[in-house]
Each structure stands twice: as structure tokens, then as C-alpha cells.
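> Chains as they are written, first to last, in this note's numbering: chain A, 2 to 164; chain B, 2 to 164.
There's no promise every hint is true.
A pair holds if it fits inside one copy or across any two, identical chains being indistinguishable in the list.
[Claimed, not checked] SDA-like mimics (lysine to any residue), calculated; alpha carbons at most 25 Å apart, straight line:
(1) K142 / T128
(2) K120 / E13
(3) K120 / G110
(4) K105 / M150
(5) K5 / D89
(6) K105 / P151
Honestly, the hints are just simulated from the structure, not real lab data.
There are 2 protein chains.
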Amino acid sequence: MAEKSFQELYPEETQHCYGCGVLNERGHRIQSFWDGDVSICQFDPEPHHMALPGYVYGGLIASLIDCHGTGTAAAAAHRAEGREMGTDPPLRFVTGSLHVDYLKPTPLGVTLTLRGRAKEIRGRVVTVEVTLSAEAIQTAKGEVVAVRMPEDWVRNLMAPKGT
Amino acid sequence: MAEKSFQELYPEETQHCYGCGVLNERGHRIQSFWDGDVSICQFDPEPHHMALPGYVYGGLIASLIDCHGTGTAAAAAHRAEGREMGTDPPLRFVTGSLHVDYLKPTPLGVTLTLRGRAKEIRGRVVTVEVTLSAEAIQTAKGEVVAVRMPEDWVRNLMAPKGT
């Protein structure tokens with residue numbers, strides 16, 4: 002059986018995000034996986050995701066870094082507790098802050114690779130560094146300060162409807 | 002005649018951006034205008050632009066701040082030269098860095114208002130502060146460091162095709 006992505010292991014009620022929700026049919030549906038201590042996500046922008054002809058627009062790059070960052074935070078938080086994603090209780094993160102440095106124009110038409118690393122886990126806050134490369138060239142880097150979602154949000158989302 | 006937005010006054014060859022390009026039929030096509038010294042943009046997210054049910058996903062917020070920020074940079078740079086956007090030479094900006102602080106969840110289903118202010122113009126670099134509000138509540142703030150596009154990029158994009 003193929004390894005599941007971080008996003009496939011989110012509680013189903015939190016799988017609607019435009020950037021990373023498996024259940025968002027209109028969204029980017031990014032998929033992130035561990036490769037040792039580094040999280041990897043590959044993404045192929047569509048032709049209309051352009052800034053200028055031939056280049057990826059910055060908002061997509063910010064979105065990919067954001068969602069790959071919160072996914073990496075969730076995966077790293079589970080690891081820090083010595084258990085797999087998908088076990089209870091689910092640890093799900095939202096973005097507290099996002100910083101992106103655009104180092105070079107990112108060419109459109111090639112697969113982008115994001116690499117994340119949990120730099121610090123402190124209480125409910127995980128700081129994740131992310132790089133973005135187009136083929137072998139790093140074109141952007143970012144930092145996501147991810148904050149664990151309050152338990153009652155997750156519980157409320159997961160509550161049976163109508164109760 | 003209605004006032005033109007910053008984005009409608011960009012050189013046509015630079016109107017393809019997914020976030021702000023008037024010519025990108027699949028994109029967000031944001032429109033920014035001056036209100037005194039503050040730039041204003043209003044945007045209605047679509048239902049699929051969600052993070053969790055009922056809330057706007059962070060990548061869209063980053064995209065709006067990014068494109069409204071570079072638009073404000075262009076408008077402020079023209080103003081600093083004492084001339085209107087749409088006069089030659091066009092001053093067009095790309096993003097050097099983007100920072101977003103997510104202060105509160107942003108509700109889906111209401112009009113978002115972005116307000117920008119050029120904090121500093123130094124040579125080719127304009128730093129723009131942006132706030133984002135949902136109805137009267139500020140839910141995010143950001144800073145865009147916008148860098149003026151090299152003249153040869155703009156010239157190359159504007160060159161007649163086939164030359």
C-alpha cells in the first residue's frame with residue numbers, strides 16, 4: 002500500500018483547505034511526505050498560475066509554503082510525541098505567521114519541490130523552514146510559524162452534525 | 002468615466018498575473034485604488050477558498066496582500082515622481098519578500114477589505130504595509146518589500162512579438 006501523505010492523515014473534517022485539503026475538488030491538494038528529517042512536496046503549477054509570462058505567481062508560492070509548512074508542523078508534532086499521524090488525538094496546525102523571500106523568478110512549466118524542516122517545537126508552536134526549488138534551482142525560501150489548533154475547534158469540527 | 006484601478010493601468014504585457022492581471026481569466030483580478038494616501042482593494046472570496054469550513058484559507062490572504070502590495074508600490078512610485086500611472090516609463094514591481102501575520106480566523110462569505118500604505122520608498126525598493134479586514138474586524142496584516150522590475154524585463158515583455 003502506498004504511503005499516505007500528511008494531508009491524507011488529517012482528520013477528515015479538516016481536509017477542506019483550498020491549499021492542501023484532499024476533499025477540496027477545486028484546490029491545490031498538495032501532498033507532503035517525510036524523507037528522513039525533511040518533508041517533501043512536489044507540485045506542478047498550471048499554466049494560468051503565472052505572474053509574468055513564463056513565471057509562477059508569488060501568491061501560489063506563498064500558498065505552497067504555507068500549507069506544506071503547517072503539514073510539516075503537524076507531522077513533526079506527532080513525531081515529537083513518538084506516534085504516527087492518524088492516531089488520536091490529532092494535532093492540526095494553523096498559520097500564525099508566514100514569511101517568504103523570493104530569491105529568483107520561478108519558471109512555469111517545471112515541477113516545483115518544497116523541502117521543510119521543523120526548526121523548533123515549543124509548546125503549541127512549531128516553526129518550519131521551507132525552501133522551494135524549480136528543478137535544481139532554489140527560487141524561494143520561507144518560514145511558517147504554525148500554531149496548534151485549539152482542541153475544541155477540532156472537536157467541534159469533528160462533532161456529529163445536528164448535535 | 003470610472004476611475005481606473007492600478008492594475009488596469011499596468012502595461013498590457015504585465016497584466017497576466019493570476020492574482021492581479023486584468024487579462025488572466027482564471028485569476029483573482031484584484032483591483033486597487035487610492036483613497037487619499039491609503040490604497041484600497043475589496044475582494045469576495047469564493048466558497049472553495051476555504052481553510053476550514055467557514056474560514057478563508059491563508060494562501061489567498063497572502064496572495065491578496067502580495068498583489069495589493071506590489072500594486073500600491075507601483076502607484077506610490079509614480080506619485081513620488083509626480084505623475085500618473087499609465088504615463089511612461091511604467092514602473093512595475095515584483096515581490097522581494099512577503100510577511101503575513103494571521104491575527105484571527107478570516108470568515109468566509111463577507112467582503113474583505115485590504116488597505117495599503119507605502120511606508121518607505123528607497124531607490125528601487127518600496128515597502129508597503131497592508132491590513133486585511135473582514136467587515137470591521139482586522140484579521141491579518143502584512144508587509145511587502147516590492148522591487149522595481151528591471152527596465153529590460155518590461156521592455157522585453159513590451160517588445161513586438163517576432164523581433
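> Would you list, in rising numerical order, the hints stated earlier that this structure does not obey?
Failing hints, ascending: 2 and 3.
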